[in-house]
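Chain residues, written in single-letter form:
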Amino acid sequence: ETGVTQTPRHLVMGMTNKKSLKCEQHLGHNAMYWYKQSAKKPLELMFVYSLEERVENNSVPSRFSPECPNSSHLFLHLHTLQPEDSALYLCASSQDTSGGTDTQYFGPGTRLTVL
Amino acid sequence: AQSVTQLDSQVPVFEEAPVELRCNYSSSVSVYLFWYVQYPNQGLQLLLKYLSGSTLVKGINGFEAEFNKSQTSFHLRKPSVHISDTAEYFCAVNDKGGSEKLVFGKGTKLTVNP
Numbered sequence: 001e002t003g004v005t006q007t008p009r010h011l012v013m014g015m016t017n018k019k020s021l022k023c024e025q026h027l028g029h030n031a032m033y034w035y036k037q038s039a040k041k042p043l044e045l046m047f048v049y050s051l052e053e054r055v056e057n058n059s060v061p062s063r064f065s066p067e068c069p070n071s072s073h074l075f076l077h078l079h080t081l082q083p084e085d086s087a088l089y090l091c092a093s094s095q096d097t098s099g100g101t102d103t104q105y106f107g108p109g110t111r112l113t114v115l
Numbered sequence: 001a002q003s004v005t006q007l008d009s010q011v012p013v014f015e016e017a018p019v020e021l022r023c024n025y026s027s028s029v030s031v032y033l034f035w036y037v038q039y040p041n042q043g044l045q046l047l048l049k050y051l052s053g054s055t056l057v058k059g060i061n062g063f064e065a066e067f068n069k070s071q072t073s074f075h076l077r078k079p080s081v082h083i084s085d086t087a088e089y090f091c092a093v094n095d096k097g098g099s100e101k102l103v104f105g106k107g108t109k110l111t112v113n114p
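Quick note, the sequences are listed as chains A and B, same order. The working numbering puts the first residue of the first sequence at 1, with every later residue one more than the last. The working numbering puts the first residue of the second sequence at 1, with every later residue one more than the last.
None of these hints come from the bench; they were simulated from the model. Please note: incorrect hints may appear among the correct ones.
Calculated lysine-lysine pairs in the BS3-like style (CA-CA distance at most 30 Å, straight line) [as the list claims (entries may be wrong)]:
{"no.": "1", "chain 1": "B", "residue 1": "K58", "chain 2": "B", "residue 2": "K96"}
{"no.": "2", "chain 1": "B", "residue 1": "K106", "chain 2": "B", "residue 2": "K69"}
{"no.": "3", "chain 1": "B", "residue 1": "K101", "chain 2": "A", "residue 2": "K36"}
{"no.": "4", "chain 1": "B", "residue 1": "K69", "chain 2": "B", "residue 2": "K49"}
{"no.": "5", "chain 1": "A", "residue 1": "K18", "chain 2": "B", "residue 2": "K69"}
{"no.": "6", "chain 1": "A", "residue 1": "K36", "chain 2": "B", "residue 2": "K109"}
Please take these sequences and the hints and turn them into a complete structure.
The structure is reproduced here in structure tokens:
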């Protein structure tokens, strides 16, 4: 595998379910990100991790819980979601988080539908 | 706070025609600017970025963009588009000296018709 991979690619869940999204980067990067992409809206940054430490939490509801066990893996744990949480969830990685110049490399996303 | 405005949500063009996708930003400090492309059912991919130096930046797939500080713009251009350029294009800004927190525009859907 190369680049950034995400599993599953599609997920349908009920409002009472608990599920997790997985992201893995094979680029040797130190920073990883979760974004939410909804129709007609800009990409929303949810969380940023640098060297497994969370450095950004963009006022995301607690029903979304990130986990970064090492610099190659990032999870997004989901519980008691709402229908408005249905969206494409994108994972990205970059070499570092300082400076603002690094290119972010994105995975293909997980299309989440909450019933 | 930074913001990005992509003035056109959809741009239809014919194959081999030129195209310009417009992007304006708002920031109180100097910025880095990016264009990303998202092909159907894929994640975003960097087309090009402006960090410093020449205001004309060349990217992949024949795209280029020009940074205009006085007009706070970073428009994307291609002289002759192909069917395969059909995708959604996102402009993004990051302030210099800040974190990797990119602020994205809403995107422009480019459709190239035969």
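Quick rundown of the hints versus the structure:
1. K58/B / K96/B: 21 Å, holds
2. K106/B / K69/B: 21 Å, holds
3. K101/B / K36/A: Holds. K101/B to K36/A sits at ~14 Å (cutoff 30 Å).
4. K69/B / K49/B: Measuring from Cα to Cα gives roughly 15 Å; hence the hint holds.
5. K18/A / K69/B: 47 Å, violated
6. K36/A / K109/B: 18 Å, holds
This entry does not satisfy hint 5, going by the numbered hints stated previously; all others are met.
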